[in-house]
Amino acid sequence: MSLKGTKVTIHDMSLRDGMHPKRHRISIDEMISIARGLDEAGVPMIEVTHGDGLAGASVNYGFPAHSDEEYLRAVRPHVKNAKISALLLPGIGTVPDLMMAHDCGVDMVRVATHCTEADVSEQHIKKSSELGLDTVGFLMMSHMLDPKGLVEQAKLMEGYGANCIYITDSAGYMLPDDVKSRLGAVREALNDETELGFHGHHNLAMGVANSIAAVEVGANRIDGSAAGMGAGAGNTPLEVFVAVTNRMGIETGVDLFKLMDVAEDLVYPIQDIPVRIDRDALTLGYAGVYSSFLLFAKRAQERYGVSSRSILVELGKRGMVGGQEDMIEDVALEMAKAAETAA
Amino acid sequence: MSKINAALIGPGNIGTDLLYKALRSEWINPVWMVGIDPESDGLARARKLGLKTTHDGVDGLVPHMREDNVQIVFDATSAYVHAENSRKVQAQGAIMIDLTPAAVGPYCVPPVNLKDHVGKREMNVNMVTCGGQATIPMVAAVSRVQAVEYGEIVATVSSRSAGPGTRKNIDEFTQTTARAVEAVGGAKRGKAIIILNPAEPPLIMRDTVHCITEGAPDQQAITESIKAMIEQVQKYVPGYRLKNGPVFDDRRVSVFMEVEGLGDYLPKYAGNLDIMTAAGLRTAEMFAEEIVNGTLVLEPQVA
Chain Y
1 MSLKGTKVTI
11 HDMSLRDGMH
21 PKRHRISIDE
31 MISIARGLDE
41 AGVPMIEVTH
51 GDGLAGASVN
61 YGFPAHSDEE
71 YLRAVRPHVK
81 NAKISALLLP
91 GIGTVPDLMM
101 AHDCGVDMVR
111 VATHCTEADV
121 SEQHIKKSSE
131 LGLDTVGFLM
141 MSHMLDPKGL
151 VEQAKLMEGY
161 GANCIYITDS
171 AGYMLPDDVK
181 SRLGAVREAL
191 NDETELGFHG
201 HHNLAMGVAN
211 SIAAVEVGAN
221 RIDGSAAGMG
231 AGAGNTPLEV
241 FVAVTNRMGI
251 ETGVDLFKLM
261 DVAEDLVYPI
271 QDIPVRIDRD
281 ALTLGYAGVY
291 SSFLLFAKRA
301 QERYGVSSRS
311 ILVELGKRGM
321 VGGQEDMIED
331 VALEMAKAAE
341 TAA
Chain G
1 MSKINAALIG
11 PGNIGTDLLY
21 KALRSEWINP
31 VWMVGIDPES
41 DGLARARKLG
51 LKTTHDGVDG
61 LVPHMREDNV
71 QIVFDATSAY
81 VHAENSRKVQ
91 AQGAIMIDLT
101 PAAVGPYCVP
111 PVNLKDHVGK
121 REMNVNMVTC
131 GGQATIPMVA
141 AVSRVQAVEY
151 GEIVATVSSR
161 SAGPGTRKNI
171 DEFTQTTARA
181 VEAVGGAKRG
191 KAIIILNPAE
201 PPLIMRDTVH
211 CITEGAPDQQ
221 AITESIKAMI
231 EQVQKYVPGY
241 RLKNGPVFDD
251 RRVSVFMEVE
261 GLGDYLPKYA
271 GNLDIMTAAG
281 LRTAEMFAEE
291 IVNGTLVLEP
301 QVA
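The listed protein sequences correspond, in order, to chains Y and G. Residues in the first sequence are numbered from 1 upward in steps of one, following our numbering. Residues in the second sequence are numbered from 1 upward in steps of one, following our numbering.
None of these hints come from the bench; they were simulated from the model. Warning: the hint list may mix true and false statements.
Stated by the list, open to error - To spell it out: a stretch of chain Y is covered by chain G in this simulated footprint if at least three of its residues, at any positions, have a beta carbon under 8 Å from a beta carbon of chain G; those stretches are:
1) 81–94
2) 111–120
3) 313–321
4) 327–334
Ideal Cβ placement from N, Cα and C applies to all residues, glycine included.
Full structure from sequences and hints, please.
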């Protein structure tokens, strides 16, 4: 099918999802230079928050180099055209955190829940919508729920006041057909004026293909990261996605070469570890595990001498959802005990 | 031994589970169940168990409190109606045990500060949150040994055990729990995180507690303190278990807990609800003991 002339709004994640591989320690100067570069390349939406959203600063997820407020206040004045968004996970962030982000001048709040738990987002979606912000409901780990279930959850968020719903492949597990069945059903069920988005992870190298599949069934917002910098094997590499959309005639309004330069000159140089499909990142995608567990599993391997791949596979078996980083050390301790008993 | 008569407001999951536990109590005699829906299953069940019931809310209870000598009232309704319930019940001279997140009265986590509240003759005590009951004893176990600069708790509950009230107001959980980690747990700064997990079969409640101590943690003393505190909690929640830890990593102390309920009315995996009802009853029993011994004399309160 031809998608020529289809308009898609892209949303950069390198300063939020990209916080995961940086252990939430991107410097203020790096944030500003990347945000400016993205803005100048015509990227229309940029997310800036702790990797786990507002108030993610914690032992469980990692303490950032600066607070959400410091990052937002620093970046906001340097971005002329793009909308700035903040992520919020109910159960971690609260309405007062949302108000703080609003006060810092964010244009958009994205409220993220596990795909079956949309009803915990009511307070936050209502508040964001009341403040007149672009308000997004973000259903994480969507591979764990069938299209019918996702429709129900998406309708809840739409009912609370979200003007856009995201189907999020937090584990980078989905294949293009999984994307199409889910987003197709949700598109059908949402009001016409409600937008639909897709957020991919590149653990099975499907980021770009899945995003195109999403556009085919009616998604008009696509998340990705310059240089793909995000949790696990990263997000959909945005410059690659834009190159592909250019070839297909899909319109993003982004200057491809400028975006390539941001990725090459600003984002790749700040990576402490290469964001790539290594054995553990591939395991995330293969076993359907939350992408930000990656570095925690690697650290648990170092500390407890248990294979990080085995830890990730076990977390998948136990049906762990986003935010359960504490269970990584717990599982590693269990496995270390079992190994000791066996020896 | 004589028992103290009690009423329960709110015949939902929490109220009903609490009723089953109270019926076994040596100190508490549940006599009234109060609801607002004449068709309520909870009220019907309470009637079958021999309680008097009303579907006229707290106003249906108040005229009978004196004649039935109701001295302790549990509120398992919602934060919105609690203040009104509390005012009316205290005007009759009864103690209010608040299981809603209203937190009108001081926070109560039995093994940590219940004795203080009884000593101060508090007439309204708040049971914090399920996550607070499950984790604050651990924070306190560390902070009684060594100053805790920062205490963080992660409570994971099965989706099935999180009711519509919790879901609609999830911020109340994170905010109230974090405040109580400070006020009762003794951490200088507190943080709380809640995760809902929809796995089937439902997972048993899990709680992780991270403390950052001031200075290097005294590993032996902290480990002993944690074990002793777990035994205290196990007196009213036998399924309160240390799964892993304490882990010592620089100044971080982490414990990994599991809370299995008794399965009185709610399923065993819902340890989060069980620890609330058990803590509420434990609190009531301590007050009852003081009343029976004559060390606590109740008088009508004017709010």
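| query | Which hint numbers does the structure go against, in order from smallest to largest? | reply | The structure conflicts with no hint, since it agrees with every one listed earlier.
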